[in-house]
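Sequences are here, hints too, so could you generate the full structure?
Yeah, the sequence shown ends on 766 if you go by our numbering, and it's all consecutive.
Quick caveat, the hints were computed from the structure, so don't treat them as lab data. Worth double-checking, as some hints may not be accurate.
[To be verified] Keeping only pairs whose Cα atoms sit at most 27 Å apart, straight-line, the calculated BS3-like set for lysine-lysine is:
1. Lys465 - Lys336
2. Lys492 - Lys465
3. Lys574 - Lys465
4. Lys435 - Lys465
5. Lys363 - Lys352
6. Lys404 - Lys435
7. Lys465 - Lys404
8. Lys404 - Lys574
9. Lys492 - Lys536
10. Lys510 - Lys530
11. Lys440 - Lys536
12. Lys574 - Lys363
[Unchecked claim] Cβ pair distances, simulated, as ranges:
13. Gln759 - Glu678: 28 to 38 Å
14. Val578 - Glu678: 13 to 23 Å
15. Pro731 - Arg430: 50 to 60 Å
Here the structure is a predicted model, which means the values were calculated and not measured. Glycine residues also receive a C-beta, built at the ideal position from the N, C-alpha and C atoms.
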Amino acid sequence: MTALFVVAPPVAWAAAPTSGNGATPTAAGSAHTVRLVEVNSADSNKIQVVYRYDGAAIDATKATFTENGSAVKPDSGPTPVPGGSRPVGVVIVMDTSASTDASGVLAEGRAAIKALLPTLASGTQISVVAAGGSSLLAQRFTTDKTLVTKALDLLSPQGDGALWEGVARAATEIKDQSGMVGSIVLVTDGNSGQGVPFDSAKGAAVDAGATLYGFGLSGKTDEAAQLADATGGAFATSDKATDASKSLTAFAPAINGLYSFTYKSLGSRGVNDLAVSVSDASTKGSFVVGSDARGPSALAFQAASSTSGIKALQNSFGKSLAIVLGLIAAALAAYAIIGIAIKDNSSLASVLLPYSETYGGRIREDDDDEDDVEQGMAQTAVVQRAVELTRQFAESRGFLPRVEGALERANLPLRAAEAMFFYVAAAAIVTLLAIVVTRSPFHVLIVLGIVVLIPPAGLSYMSNRRKRQFEAMLPD
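In structure tokens form, the structure reads like this:
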């Protein structure tokens, strides 16, 4: 039960066509539209795609396709769906409320449907639902257009509107047909009545994967137009019921223009983008690999937050990078554990430790050298080695004394080498998290700038505050 993303050719009194599945607008001056209908990616080696093009069949079979920006070649197709392995169905919902007789919508609508029937592709299954005082299945699905014509002739005005009940009944008929690519053609004067509410009919149509399009009188069919928009279709309105034939016949190329093809996906998981280009028309949508996506919401195009190289983290390169980083982290952890387990106790400092005045927690009260007794943040062998390398680098570059002076002025009991090491490590970790979360170079640069600037700014603030406090005490 797949939605038909159908758009009527422009007419002066037609509702604006909907984009349905996030399709990109057709180029200015283009006379045709293309829409994605279904992407079944349960088997990534054989993804099945159905799309609709309302132009020449020869152009539709020459369509080009791209997945995530890379061209893909169909394994089979594109081939027309009508008359193929998938059933194509159209449910005609005729508003037969009492008001349709006076407005002329019933008679003109009947004539419009009869004019539409000969234009439908061979093999299209057609059903008729009457929506008067209640919904009535006037004709079950059949390919015999003579039976459909007879059912239309028997329709008569009655009751006070069961319009949405009729739409819900049509959606159920489509859903009950396995694999059907279905649509609903609605003709109404806008008398919806007090039966099934609009939201229920809308939910039934979306659930069945059916697209609604049709004709109604101006000013009385706002909800019908909303339903067409929600299902990816279109709805034409006019002040004259005699325009019904012109409107519905204009939908025929779109109804018949269903094509399908299969291809092997270039991506094994996640969200993939699929673009279809036919002559002067194009569309694109997104689907999750492993799903059977049908309808406007399921196939809505999801624009990537960034098209830069950072997007590479989402593909096989990103997976490989994550594995490498994980192995490095595991190796460092193992090294740290081994270093702690087999710690060398033969050094002079270790031998003299029992005789140290700080051994066992004893600290000499008159010991003014805090550096001899303070415990730093680096407690593991790996971190201590990293801190030592940081100290050597900073000392060789000549800025270790400046950092020590800044920490002392701010009255922070931190070792300069440790402070610099954890500062750089924190900046690196936060930046990596920003890359994973935002996937935007612009946002990553902002986060990096904030992380890099905040610690020095805080250190400067604390130093200045202490200086002001000291200066305030000078008069005393």
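How the hints compare with the structure:
no.: 1; hint: Lys465 - Lys336; in the structure: holds, 24 Å
no.: 2; hint: Lys492 - Lys465; in the structure: holds, 14 Å
no.: 3; hint: Lys574 - Lys465; in the structure: holds, 26 Å
no.: 4; hint: Lys435 - Lys465; in the structure: holds, 22 Å
no.: 5; hint: Lys363 - Lys352; in the structure: holds, 11 Å
no.: 6; hint: Lys404 - Lys435; in the structure: holds, 9 Å
no.: 7; hint: Lys465 - Lys404; in the structure: holds, 25 Å
no.: 8; hint: Lys404 - Lys574; in the structure: violated, 35 Å
no.: 9; hint: Lys492 - Lys536; in the structure: holds, 26 Å
no.: 10; hint: Lys510 - Lys530; in the structure: holds, 13 Å
no.: 11; hint: Lys440 - Lys536; in the structure: holds, 22 Å
no.: 12; hint: Lys574 - Lys363; in the structure: holds, 16 Å
no.: 13; hint: Gln759 - Glu678: 28 to 38 Å; in the structure: holds, 34 Å
no.: 14; hint: Val578 - Glu678: 13 to 23 Å; in the structure: violated, 49 Å
no.: 15; hint: Pro731 - Arg430: 50 to 60 Å; in the structure: holds, 59 Å
Checked against the numbered hints above, the structure breaks hints 8, 14 and satisfies the rest.
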